[in-house]
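Asks: If you want the building blocks of each chain, they are given just below.
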Amino acid sequence: MANTENLKVTTPTDREIVVTRVFNAPRKLVFDAWTNPKYLPHWMLGPDGWTMPVCEIDLRPGGAWHFVWRHASGKEMEMRGSYREVQPPERVVSSESWGPDWPETLNTVVFSEDAGKTTATITLLYASKEARDAALNTGMKQGMAMSYDRLEAFLLSLGARGPEKATRES
Amino acid sequence: MTSSDRLDATFAALADPTRRAILARLASGEASVMELAEPFEMTQPAISKHLKVLERAGLISRGRDAQRRPRRLEAKPFAEATEWLEKYRRLWAGNFQRLDALLDQMKTDELKVKAKSRGRTKS
Numbered sequence: 001m002a003n004t005e006n007l008k009v010t011t012p013t014d015r016e017i018v019v020t021r022v023f024n025a026p027r028k029l030v031f032d033a034w035t036n037p038k039y040l041p042h043w044m045l046g047p048d049g050w051t052m053p054v055c056e057i058d059l060r061p062g063g064a065w066h067f068v069w070r071h072a073s074g075k076e077m078e079m080r081g082s083y084r085e086v087q088p089p090e091r092v093v094s095s096e097s098w099g100p101d102w103p104e105t106l107n108t109v110v111f112s113e114d115a116g117k118t119t120a121t122i123t124l125l126y127a128s129k130e131a132r133d134a135a136l137n138t139g140m141k142q143g144m145a146m147s148y149d150r151l152e153a154f155l156l157s158l159g160a161r162g163p164e165k166a167t168r169e170s
Numbered sequence: 001m002t003s004s005d006r007l008d009a010t011f012a013a014l015a016d017p018t019r020r021a022i023l024a025r026l027a028s029g030e031a032s033v034m035e036l037a038e039p040f041e042m043t044q045p046a047i048s049k050h051l052k053v054l055e056r057a058g059l060i061s062r063g064r065d066a067q068r069r070p071r072r073l074e075a076k077p078f079a080e081a082t083e084w085l086e087k088y089r090r091l092w093a094g095n096f097q098r099l100d101a102l103l104d105q106m107k108t109d110e111l112k113v114k115a116k117s118r119g120r121t122k123s
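Going line by line, the protein sequences match chains A and B. For the first sequence, the positions run 1 to 170 when the numbering used here is used. For the second sequence, the positions run 1 to 123 when the numbering used here is used.
Keep in mind the hints are simulated off the structure, nothing from the lab.
Just the calculated beta-carbon pair ranges, DEER-fashion:
| no. | chain 1 | residue 1 | chain 2 | residue 2 | range |
| --- | --- | --- | --- | --- | --- |
| 1 | B | Gly119 | A | Asp14 | 55 to 65 Å |
| 2 | A | Asn107 | B | Ser28 | 40 to 50 Å |
| 3 | B | Ala115 | A | Asp114 | 18 to 28 Å |
| 4 | B | Lys116 | A | Lys28 | 13 to 23 Å |
| 5 | A | His66 | B | Arg64 | 51 to 61 Å |
| 6 | A | Ala72 | B | Gln67 | 53 to 63 Å |
Owing to the predicted nature of the structure, the values given are computational and were not obtained by experimental measurement. Positions of the beta carbon are idealized from the N, C-alpha and C atoms, including for glycine.
Based on the sequences and whatever the hints tell you, model everything.
Replies: If you want it as structure tokens, here you go:
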């Protein structure tokens, strides 16, 4: 059962992106799926063609994590960070960096349960507006989402005449 | 310009409320600089500056009428920007759909374990 309607991406402040999603499972399971290296490589893969051969997690305050993704073409992507707060099954705060050239983000994931369903709220916080804009300017995946609200607001303001219709007319 | 540069230019151009209002106005049809300046209580040079940013981003172009030089909306950059954002959304959506499947599996496994332990206490 597809559940894409539940997925929300918002930019509440200059320094943040917030992603929320509801899962049809108790939060104990969602927390486990999110933080256990036994489960994480099954789903946190990004686009098709990528696998996650390295998933190291030391889940305690100060503990390090290290993920490596590999594409069928041989290309690799690496991400590292450390845990700041670990409160099973409701909250994890960790730092995240794609390497020395990328601004570090602080990621907070909160799981709240209601009637057997769990809402995961992921907040990505940049050190400064400049750091966030630096990510934005590289066209990095996270940076782009920050413009989502802006673009969406604009497209809505265009009303019935959306980009598709305009394409046909030009 | 690379595709990524073009996206940067598109989003930078969209970051300003006056420019968004200009684009919204052009969505209902082409307009001259004078017509565009009217609702904004801005001087024509100020409006022209905004138009230049929009033009550089490829969001608008100039019509053929040599007298009025009407500006009009160009759809391609919008299509590219929404395509990029759609890809980003799909990235998360894909991850979470895999997580849905995994959670279903975990729930089933948990029930099996519970059933087993119940069976054990009974026997």
